[in-house]
Amino acid sequence: MHTIRGVKHAHYHRYDEVSAEWYWTDFFKYTKLTDEVLTLGHWWVDVGIEVSSDTQACLQWMTSSHCDVAREALRIPEEDAQRITNIKSSKYSRDLVSHLTAISGFRIVPGVRAEGVYEAAYLQAYTTDKATVYNTDGRHHAKFLTTKEAMGQAQPTKTIDGIHSIYTEAVDVNHSKARLEVRVPFDFATQALLNFDPEVLQGSLCAFSQEEWWNFRIMRLMGISQTLCLQAGAPSDRRFHNEALTLTAACVWLVNGLHARPDDGPASRKLMDAVLPITEAADADTSIIAYNVSSRPPGLHGNVDEAPARTRKVPYNPYGCVFFRRLIVADGPRLRFGGPVIFGPAFEFWFNGLDATQLQARYQTSGIIDKNVIAHTRSTANRAKLVANVDLTDQPQLPLFNFTAQGLSLPPPIPDDASDVEDRLSPAHEQEDEPLNIDTFASKIWGQFVSDITMKSPVPNGKTKPSYLKLTDIERRSSSEIPYKTARLSDIFRCVYWRKADEKDWELSFKWLFPPHGYKTSTSVQNYLQSPYFRMWLDFLEKNNDDPGSIEAVRKGFFKRIRTWTWMPNAQGDRMWPTGGKKPSSKRFVRWPADDTRPPAPHILFKLGEEPVFEESEGEEQGQGNQERDESGDE
Numbered sequence: 275m276h277t278i279r280g281v282k283h284a285h286y287h288r289y290d291e292v293s294a295e296w297y298w299t300d301f302f303k304y305t306k307l308t309d310e311v312l313t314l315g316h317w318w319v320d321v322g323i324e325v326s327s328d329t330q331a332c333l334q335w336m337t338s339s340h341c342d343v344a345r346e347a348l349r350i351p352e353e354d355a356q357r358i359t360n361i362k363s364s365k366y367s368r369d370l371v372s373h374l375t376a377i378s379g380f381r382i383v384p385g386v387r388a389e390g391v392y393e394a395a396y397l398q399a400y401t402t403d404k405a406t407v408y409n410t411d412g413r414h415h416a417k418f419l420t421t422k423e424a425m426g427q428a429q430p431t432k433t434i435d436g437i438h439s440i441y442t443e444a445v446d447v448n449h450s451k452a453r454l455e456v457r458v459p460f461d462f463a464t465q466a467l468l469n470f471d472p473e474v475l476q477g478s479l480c481a482f483s484q485e486e487w488w489n490f491r492i493m494r495l496m497g498i499s500q501t502l503c504l505q506a507g508a509p510s511d512r513r514f515h516n517e518a519l520t521l522t523a524a525c526v527w528l529v530n531g532l533h534a535r536p537d538d539g540p541a542s543r544k545l546m547d548a549v550l551p552i553t554e555a556a557d558a559d560t561s562i563i564a565y566n567v568s569s570r571p572p573g574l575h576g577n578v579d580e581a582p583a584r585t586r587k588v589p590y591n592p593y594g595c596v597f598f599r600r601l602i603v604a605d606g607p608r609l610r611f612g613g614p615v616i617f618g619p620a621f622e623f624w625f626n627g628l629d630a631t632q633l634q635a636r637y638q639t640s641g642i643i644d645k646n647v648i649a650h651t652r653s654t655a656n657r658a659k660l661v662a663n664v665d666l667t668d669q670p671q672l673p674l675f676n677f678t679a680q681g682l683s684l685p686p687p688i689p690d691d692a693s694d695v696e697d698r699l700s701p702a703h704e705q706e707d708e709p710l711n712i713d714t715f716a717s718k719i720w721g722q723f724v725s726d727i728t729m730k731s732p733v734p735n736g737k738t739k740p741s742y743l744k745l746t747d748i749e750r751r752s753s754s755e756i757p758y759k760t761a762r763l764s765d766i767f768r769c770v771y772w773r774k775a776d777e778k779d780w781e782l783s784f785k786w787l788f789p790p791h792g793y794k795t796s797t798s799v800q801n802y803l804q805s806p807y808f809r810m811w812l813d814f815l816e817k818n819n820d821d822p823g824s825i826e827a828v829r830k831g832f833f834k835r836i837r838t839w840t841w842m843p844n845a846q847g848d849r850m851w852p853t854g855g856k857k858p859s860s861k862r863f864v865r866w867p868a869d870d871t872r873p874p875a876p877h878i879l880f881k882l883g884e885e886p887v888f889e890e891s892e893g894e895e896q897g898q899g900n901q902e903r904d905e906s907g908d909e
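Quick note: the sequence shown uses our numbering, first residue 275, plus one each step.
It should be emphasised that the hints constitute simulated quantities derived from the structure, not laboratory data.
Be aware that a few hints might be false.
As the list claims (entries may be wrong) - Here are the computed lysine-lysine pairs in the DSBU-like style, where the Cα-Cα straight-line distance is at most 30 Å:
{"id": "1", "residue 1": "Lys794", "residue 2": "Lys744"}
{"id": "2", "residue 1": "Lys718", "residue 2": "Lys861"}
{"id": "3", "residue 1": "Lys744", "residue 2": "Lys718"}
{"id": "4", "residue 1": "Lys451", "residue 2": "Lys417"}
{"id": "5", "residue 1": "Lys778", "residue 2": "Lys422"}
{"id": "6", "residue 1": "Lys774", "residue 2": "Lys759"}
{"id": "7", "residue 1": "Lys362", "residue 2": "Lys306"}
{"id": "8", "residue 1": "Lys759", "residue 2": "Lys861"}
{"id": "9", "residue 1": "Lys778", "residue 2": "Lys857"}
{"id": "10", "residue 1": "Lys404", "residue 2": "Lys422"}
{"id": "11", "residue 1": "Lys759", "residue 2": "Lys739"}
{"id": "12", "residue 1": "Lys778", "residue 2": "Lys794"}
{"id": "13", "residue 1": "Lys362", "residue 2": "Lys422"}
{"id": "14", "residue 1": "Lys774", "residue 2": "Lys817"}
{"id": "15", "residue 1": "Lys362", "residue 2": "Lys432"}
{"id": "16", "residue 1": "Lys759", "residue 2": "Lys422"}
{"id": "17", "residue 1": "Lys794", "residue 2": "Lys739"}
{"id": "18", "residue 1": "Lys856", "residue 2": "Lys778"}
{"id": "19", "residue 1": "Lys718", "residue 2": "Lys794"}
{"id": "20", "residue 1": "Lys785", "residue 2": "Lys857"}
{"id": "21", "residue 1": "Lys739", "residue 2": "Lys834"}
{"id": "22", "residue 1": "Lys817", "residue 2": "Lys739"}
{"id": "23", "residue 1": "Lys432", "residue 2": "Lys404"}
Stated by the list, open to error - The following label-pair restraints were derived from C-beta to C-beta distances:
{"id": "24", "residue 1": "Lys422", "residue 2": "Trp317", "range": "43 to 49 Å"}
{"id": "25", "residue 1": "Pro592", "residue 2": "Gly385", "range": "29 to 35 Å"}
{"id": "26", "residue 1": "Asp821", "residue 2": "Gln330", "range": "57 to 63 Å"}
{"id": "27", "residue 1": "Met493", "residue 2": "Arg600", "range": "37 to 43 Å"}
{"id": "28", "residue 1": "Gly539", "residue 2": "Gln330", "range": "35 to 41 Å"}
{"id": "29", "residue 1": "Met493", "residue 2": "Pro592", "range": "19 to 25 Å"}
{"id": "30", "residue 1": "Gly385", "residue 2": "Val447", "range": "38 to 44 Å"}
Virtual Cβ for every residue (Gly too), placed ideally from N, Cα, C.
With the hints as constraints, model all of the structure from the sequences given.
Rendered as structure tokens:
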């Protein structure tokens, strides 16, 4: 196929056949085509009508006029026009504009039965207001909001700010025009659309003042942006409900549908099923259903259990505009409990392959979030699966701490006063677990911490090379502190960098493992956000934001316990376990076994007043070469 590009809208002419013939000839001169070219293959031409307002009003196609427009443009019988403009027709796509169901363009592939006297292959109706938000690059034609932006703490997002600026400027300078285009063989290039009844054309359009049209979009945009802003300031135990995350995805879908055709792919249809009002498919008014039910493809990756089209419920827009089902706004906007949400492949599509747990690990960037001053921070987190909570015994564990004696307690849970709370289906463990007190909660975090830092210990690059640690998988997954209390490092490590460190050095590493009140994550971190204990600690910081004294008291208790260890990882702000041996900061560390090339190995801090013990067994590693690399990224 050959396409002549760069000539769209380049040859305007008056609405008569003489003018059409003259510009058709001019087109050949402009493109340097000869008459002989048209005898080779099949050539098609896009012919269009552009309608503008003398009063600079914004013109829009009416949804109810699509049948009349198709009949006049293609010169076909009424019954054929009705058939190819039915929402259930696979040949017809309706392009909703500004969320208004009565205003829409369309795209039609007529087929042989409805191609009409001009043998049309394609017909579309649209308006020029889309041009204000065109992208000059990227895979999206218009400015496009992502869930990554919507989940961020910086609200309003840059994309929403940009769209708002464009809309505001358009109020004074942009009056949209209506266009109708048909693709016909070149034999009909000077005849198509010239016999269109002016009264039908005029009756197919409605007019808005520039102020009305663009301010309506601004109002919708600001409402969506405010929703995302309130979500960013919500407590994390509300922010990461599936009902809240489904609403986030829906807000992104709604923003992108303001100035472009709302997406209706499989994942978007699952989203519409969850967020829009629903009705019985058999009784639905086809002019207001959200998508074509009869030709609806299976759900993402298929779903053989879906109900037939006549009996299933479908999303629709009964109020003349796209509105979501009922929401709860207090303490973080979300959909009401008891209704559908997105999950599985549809959820991962909207959130870039992440499930809800991974999403919280990535975007819960702070222990505290001030609702009034949203911090402009971001964090990155790889997609490694979270280390599971581990309890190798079925016996109840005695508390390791006695913070209750200091007068400390956990804050009461934030009450959810929403009227739909009784509709929420709580997981079984939430219904059965007794509330934790401060001592059992702290002990739970500590046990998970010990397990997590051991599980997150680095390994050399290369599948055939053994781990730096000699611990078995069971020993790694346990919460035993015994490995950290032994001076016989050769029983724990195959190779290691160590140095004696005073209490201040231990405090510095401890600060990264258990951040203080007001902590914000680094822009690039490894291990921490994938560790359940760290998320538990961030949640503790957030819930005790108004009680920094309790936070510091718990930190002091944890530090006192870690000081009973003989050694600890030399934790840094960007990783729990540094391994590089060639940075200036690593020169203070001694490597065992000695190796002048200083290949990678874990860095640890050893307690003053004690001596490390190394007993090299036969066949022990004598240096693994400088090609080793920590699986989470060597320095």
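How the hints compare with the structure:
{"no.": "1", "hint": "Lys794 <-> Lys744", "verdict": "34 Å, violated"}
{"no.": "2", "hint": "Lys718 <-> Lys861", "verdict": "37 Å, violated"}
{"no.": "3", "hint": "Lys744 <-> Lys718", "verdict": "26 Å, holds"}
{"no.": "4", "hint": "Lys451 <-> Lys417", "verdict": "20 Å, holds"}
{"no.": "5", "hint": "Lys778 <-> Lys422", "verdict": "38 Å, violated"}
{"no.": "6", "hint": "Lys774 <-> Lys759", "verdict": "15 Å, holds"}
{"no.": "7", "hint": "Lys362 <-> Lys306", "verdict": "43 Å, violated"}
{"no.": "8", "hint": "Lys759 <-> Lys861", "verdict": "25 Å, holds"}
{"no.": "9", "hint": "Lys778 <-> Lys857", "verdict": "21 Å, holds"}
{"no.": "10", "hint": "Lys404 <-> Lys422", "verdict": "24 Å, holds"}
{"no.": "11", "hint": "Lys759 <-> Lys739", "verdict": "26 Å, holds"}
{"no.": "12", "hint": "Lys778 <-> Lys794", "verdict": "22 Å, holds"}
{"no.": "13", "hint": "Lys362 <-> Lys422", "verdict": "34 Å, violated"}
{"no.": "14", "hint": "Lys774 <-> Lys817", "verdict": "37 Å, violated"}
{"no.": "15", "hint": "Lys362 <-> Lys432", "verdict": "38 Å, violated"}
{"no.": "16", "hint": "Lys759 <-> Lys422", "verdict": "43 Å, violated"}
{"no.": "17", "hint": "Lys794 <-> Lys739", "verdict": "36 Å, violated"}
{"no.": "18", "hint": "Lys856 <-> Lys778", "verdict": "24 Å, holds"}
{"no.": "19", "hint": "Lys718 <-> Lys794", "verdict": "23 Å, holds"}
{"no.": "20", "hint": "Lys785 <-> Lys857", "verdict": "22 Å, holds"}
{"no.": "21", "hint": "Lys739 <-> Lys834", "verdict": "36 Å, violated"}
{"no.": "22", "hint": "Lys817 <-> Lys739", "verdict": "43 Å, violated"}
{"no.": "23", "hint": "Lys432 <-> Lys404", "verdict": "19 Å, holds"}
{"no.": "24", "hint": "Lys422 <-> Trp317: 43 to 49 Å", "verdict": "44 Å, holds"}
{"no.": "25", "hint": "Pro592 <-> Gly385: 29 to 35 Å", "verdict": "31 Å, holds"}
{"no.": "26", "hint": "Asp821 <-> Gln330: 57 to 63 Å", "verdict": "60 Å, holds"}
{"no.": "27", "hint": "Met493 <-> Arg600: 37 to 43 Å", "verdict": "20 Å, violated"}
{"no.": "28", "hint": "Gly539 <-> Gln330: 35 to 41 Å", "verdict": "36 Å, holds"}
{"no.": "29", "hint": "Met493 <-> Pro592: 19 to 25 Å", "verdict": "20 Å, holds"}
{"no.": "30", "hint": "Gly385 <-> Val447: 38 to 44 Å", "verdict": "41 Å, holds"}
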